[in-house]
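K.L.:
These are the residues of each chain, in order.
Number of protein chains: 2
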Amino acid sequence: MFGNSIFKERKSLAAGVALAAGVSAAVFAVNPLAAFGANHPNLVISAADVDAMQGAVEQPGRFRTAFLRTQSAVDRALDAPIAVPVPADAGGGYTHEQHKKNYQLMYNAGVLYQVTEDAKYAERVRDMLLAYADMYSTLPLHPKRRPGAENPGKLFWQSLNEAVWLVYTIQAYDLIRPSLTDAEAQKIEQGALRPVAKFLSVDSPKTFNKVHNHGTWLTAGVGMAGYVLDEPEWVEQALLDLDKSGKGGFLRQLSTLFSPDGYYNEGPYYQRYALMPFVTFAKAIENNEPERGIFDYRDGIVMKAIDTTIQLSYNNLFFPINDAIKSKGIDTSELVLGVTIAYGESGNPQLLDIAAKQNQILLSGDGLKVAQALDAGKQQPYEFKSFAFRDGKDGDEGALVVLRQQIDGDQALLFKPAAQGMGHGHFDKLTWQFYDRGEEIVTDYGAARFLNVEAKNGGRYLEENETWAKQTVAHNTLVVDETSHFDNNLKVANQNHPSLLFFHADDQVKISAAEINSAYPGVSLKRTLALVNNPESGNSFAIDVFDVESTKKHQLDLPLHYNGQLVDTSFKLQGFTDSLKALGTNNGFQHLWLKARGKPESGLAQVTWLNDNGRFYTQSSLVDGETELLFTELGANDPNFNLRSEKGFITRRDGVKTHTFVSVLEPHGEYNPSREFTLEAESQVQALQHRQAGDLELIAIGMKDGATQLLAYNRSSNVPEDLENIFEYDGRQYQFSGRAKLFQITN
Amino acid sequence: MFGNSIFKERKSLAAGVALAAGVSAAVFAVNPLAAFGANHPNLVISAADVDAMQGAVEQPGRFRTAFLRTQSAVDRALDAPIAVPVPADAGGGYTHEQHKKNYQLMYNAGVLYQVTEDAKYAERVRDMLLAYADMYSTLPLHPKRRPGAENPGKLFWQSLNEAVWLVYTIQAYDLIRPSLTDAEAQKIEQGALRPVAKFLSVDSPKTFNKVHNHGTWLTAGVGMAGYVLDEPEWVEQALLDLDKSGKGGFLRQLSTLFSPDGYYNEGPYYQRYALMPFVTFAKAIENNEPERGIFDYRDGIVMKAIDTTIQLSYNNLFFPINDAIKSKGIDTSELVLGVTIAYGESGNPQLLDIAAKQNQILLSGDGLKVAQALDAGKQQPYEFKSFAFRDGKDGDEGALVVLRQQIDGDQALLFKPAAQGMGHGHFDKLTWQFYDRGEEIVTDYGAARFLNVEAKNGGRYLEENETWAKQTVAHNTLVVDETSHFDNNLKVANQNHPSLLFFHADDQVKISAAEINSAYPGVSLKRTLALVNNPESGNSFAIDVFDVESTKKHQLDLPLHYNGQLVDTSFKLQGFTDSLKALGTNNGFQHLWLKARGKPESGLAQVTWLNDNGRFYTQSSLVDGETELLFTELGANDPNFNLRSEKGFITRRDGVKTHTFVSVLEPHGEYNPSREFTLEAESQVQALQHRQAGDLELIAIGMKDGATQLLAYNRSSNVPEDLENIFEYDGRQYQFSGRAKLFQITN
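Protein chains in written order, with this note's numbering: chain A, 3 to 749; chain B, 3 to 749.
Honestly, the hints are just simulated from the structure, not real lab data. Please read these numbers as outputs of a predicted model, since none were measured by experiment. Since no wrong hints were added, every one of them can be taken at face value.
Any copy will do: because identical chains look the same in the list, a pair fits if it lies in one copy or spans two.
Calculated lysine-lysine pairs in the DSBU-like style (CA-CA distance at most 30 Å, straight line):
1) Lys601 to Lys659
2) Lys649 to Lys583
3) Lys574 to Lys649
4) Lys102 to Lys706
5) Lys103 to Lys706
6) Lys146 to Lys706
7) Lys328 to Lys649
8) Lys574 to Lys146
9) Lys555 to Lys649
10) Lys583 to Lys601
11) Lys574 to Lys555
12) Lys380 to Lys306
13) Lys249 to Lys208
Isolated chain A (complex conformation) (with noise of 0.2 Å):
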């Protein structure tokens, strides 16, 4: 793409990743509009995918549904006199919603103009970039902008919007400018583009090296700029720092944010959002110097970051850890766009069950190569898998951990052994959730924040977000002394890890463990976690064996959250009934209601509640007749009513140095008031034990059936696959091999 021909060859000479530098932007600035014309478009829509489009919004399928779709859409849009307001308000006013819905229309028509040639198109993309170039210049920084931070906006009050607008805007550019004469043209570049890319690259250097999502659009905005303006030299600075150092930029982003195994490590929320720029600045990178080998570096990073964000949800939905609004999930346009890419490049038919379920057909090349596929029912289903996601760039800081099974319904246990994940991860190390017939069970608050409602803090992070939603007891792990891990202290947080000691997923048994010794100062914290069925009698668990070890005594708060009724305990509860009071004053522990506590006897304590999905799930813990279950409810301490109220139980063991807390929970039964029926609305557990026996760890799940369900593993780090490990249970020896084996002992 880029017309001089010195920089080409020295392109050619490069090949590959990192470009020598030397050649001075100012070389490339003499005539910056000389060799354009015949190389538009060419950022993620080349001429190519032009033609191949133009044929196919004559044929009936997915591809013209959709294109007639956007089409009436944008005549629609067209109707409405072009509104550049000068920038006012935050996310959610109006000046900028106006702001993103001129960008999200200036890429669609600039698109329709390709596909259809229709002059009205292009010129609604001239006359909007005009009248930027006209305001742009006289825009002082954002008047909401957050006080004193390192990332104002102009047109929007953070940068990253900018960068967003500018992605955006740069391919409506480049789709549009065969249709402009010289002279526009360099008003829109010189008005708008050029004084929009400086801004976000030589004049927000931190912004734009930082190794960061923020840093990602920006370099992505900026490069594509390089791209269609002629820039070599940004494209340069885009993925290599702006002092072309490698020490920040795009490609050093793709080797870090990601781990080897695709795992971003704020979380599958933000890393679809991440994606988008990755995604969009990768083929844009492809379609202009497909040389650089973009989609295979580290080892096709992009793919397996795409892929990965995908296997990170449930239902349709990402699994919500860190700060997550819960309603976000595959259908997102960030991953539609990435399933479309991702398909583009590999043709791999289960990227199309994806595109299925997102249901939304994109305008182009690659958008059209998922319309036919799905037109010509070449989808397959896409596999989730059992999996660790490593964390970590190089994949030795924990992981995230994904444990599935389909037994009588779909099956998911998440479980956290993960790094914090910057500013954005929460205190909850080791935490799991579960899943089981299209609902979350034990949950995950996510963040706490209304998206652009004004009245909500500005739709901004709620207060409540560090209070209560990033505070470990806002989780299900461990909680010692009413502190958070890491004592809320995000910089130690982010220079330490839990470690994953194993991972093991055959048919019967999934089951994986992690550590971690920084959390508590002097504890040691060690999780076991596992999600077994047993296929003869229909009987699904999820396992949980937790290990405190520490040198002083403590209180060990072990929360439970659930999503549903209560409906029984196996022990006396006394509630406060007529008055309640918050459970504690810090921590989040502030933000609970206590609304009841039980000391149930040693042995088995069950809880079981309601989900909305008709079936009813006990938690059935070993107790020592010293640990007390408190019953919660959210909501305390919230004079503003931003807190849900959602429920939960902290299983409490005060005054120990050691503990091993041990439950199992337990799908049953379904309650169907519609069809008026009710079954096993009672937990078929009667007994549980935990033995160990040298290495080998025995969790015996006694039912009422008078079967038992025999959990075994092995707790050391490396089981090989043959290793044969023998026990003795009630008077009878069992074998298995390699890491864990759920038996059926019917007697």
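Since chain A is already given, all that's left is putting chain B on it; use the hints.
P.N.:
Below, chain B alone, put in the same frame as chain A:
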């Protein structure tokens, strides 16, 4: 069907509804088996139906699909051994569920026998019936019957379930009778069918004669048994009371339990339940004695009752007034039967729209008609209407009013100036609910019950059904001095009812008013509710004007139970943030936690919440500076966690003799965190006025854009359509004809 020629003659002479008594049952008992054979089956399914069904299962289509599904399920069930256990358990328990399964299986196997002529189906029914015949005479009253209850069963804990057993079983017997030897038939009839019929009629006279849905089931079972077992006397008794006086019995039930508009006075949840025996027995009467014209009885009340049941639903779920389980909807088996039989009678293509939503084809002659019509694409959109369904057997005991409009989604406002509705009725005179875009926005708790969940009071109604769900404060209507309507006295409540003052519906304005003076001594309550829309502005509002007049000073509480998360209030809240207390001590107030209170200045008080449907709702009320708003959450004094944590706010005006509560509910905006935009999170209402001018009431809603939406209505009971109303507002004159008009005033 009656084989006895003497009887046939008598019947044709009697031709019509009430048969002359005289020939004693003993005449027919001499040789009860003599006349059977050729006439089976002839209850809901006739021999002619069977011919058509046999042909249809050979052709592809919905009917064949339904047939194959049933056949496959029954074939699986036949693999299991017969289980006819000695009755031991209450609802939800093993023997209860097994006997339910048995009658369902017998019925389905009977149908399959007729369609396939495969003897295995008849044999299973025969063997099961023989097992019942062996056991039944040995049975005492059920061990889990309610102590001292007048309606115990033997197979089940209450006779209601026993009657349901008979309704299914007598049909199964009718279907397989041709396969039996006379000896088998005699054993089954003498051992099971006749004893059950006797137990449910002459041995349960109070329940059999009761004008109540239990009575309907008993009379339907016994009457249908009369047809099959050649006992016309039983039919007479079923239709006309055991003593054939017409004081009780099926016809009396049809004349009394439904209003002239087909409204069943317990509300739609029990209406659909009550429907089952009505339509089943009616169809059996029609097949056996078409000359009775049962479907024309009382101006077609059976058909009206079916249609009204459909009308009393929103988004496929029934309006949950009174003791209702909220997940119950139009796909309930009773309404599938109702719609199927109604379509068979009427051929109304709108019923096919409902049948399509139910997505269940019955294996019967009418089921075949539905299947074939759906296969042929004959359905037409079912028209949900705005209507005042009059209550009371003569239609003069108030009404259940439904106001509906389509404005950017599907809205419904339910207004309940209906009668108490007997023991399952709630003390909620003049309450309302609001629905929008598929969701319940202003809610009704429904019943406090976990159907058949043993741990929750044996699956029966919970104590909280009395202490919360039935209480006035649990609804959206006026509470005086923290007591409930009629002081919770059911007898008094059943003797009194509101009066419907008017109902009017045009394109822009649906409006209704009603009053009651008997809910509290010396207090008159009058409420007007309107659902309006302005197609120009796209606005819609639910408008509420509630007049209270009394001779003495009282504390007046008007609760509103909302579904969603509180977003904002226009006034300062004083939150109870670190401890909570119950709002009161009795009549439901003891179950409400007081979470915050506020006393807005005179003028407009606004409360905004966000529903899960992604829309914002703002209730704007006129307040006088002395009105308090109390924000509550349900759950106090609920030691067993039986209640859902629902949210509400109470508008409280203390120490007044008269007061008018005026408010406007406004749906607005959209919260779309998945697609990351939020629109119009703030109310567009900035002023509210209420004025009177002669008979006219004016509600002026001032909008932020400067326009005023002005609802004018004439409050008189009788307003001719051509009455010209003239009034002045802000110095200008307006006029309209008839009941009401919405004016949009732009300055």
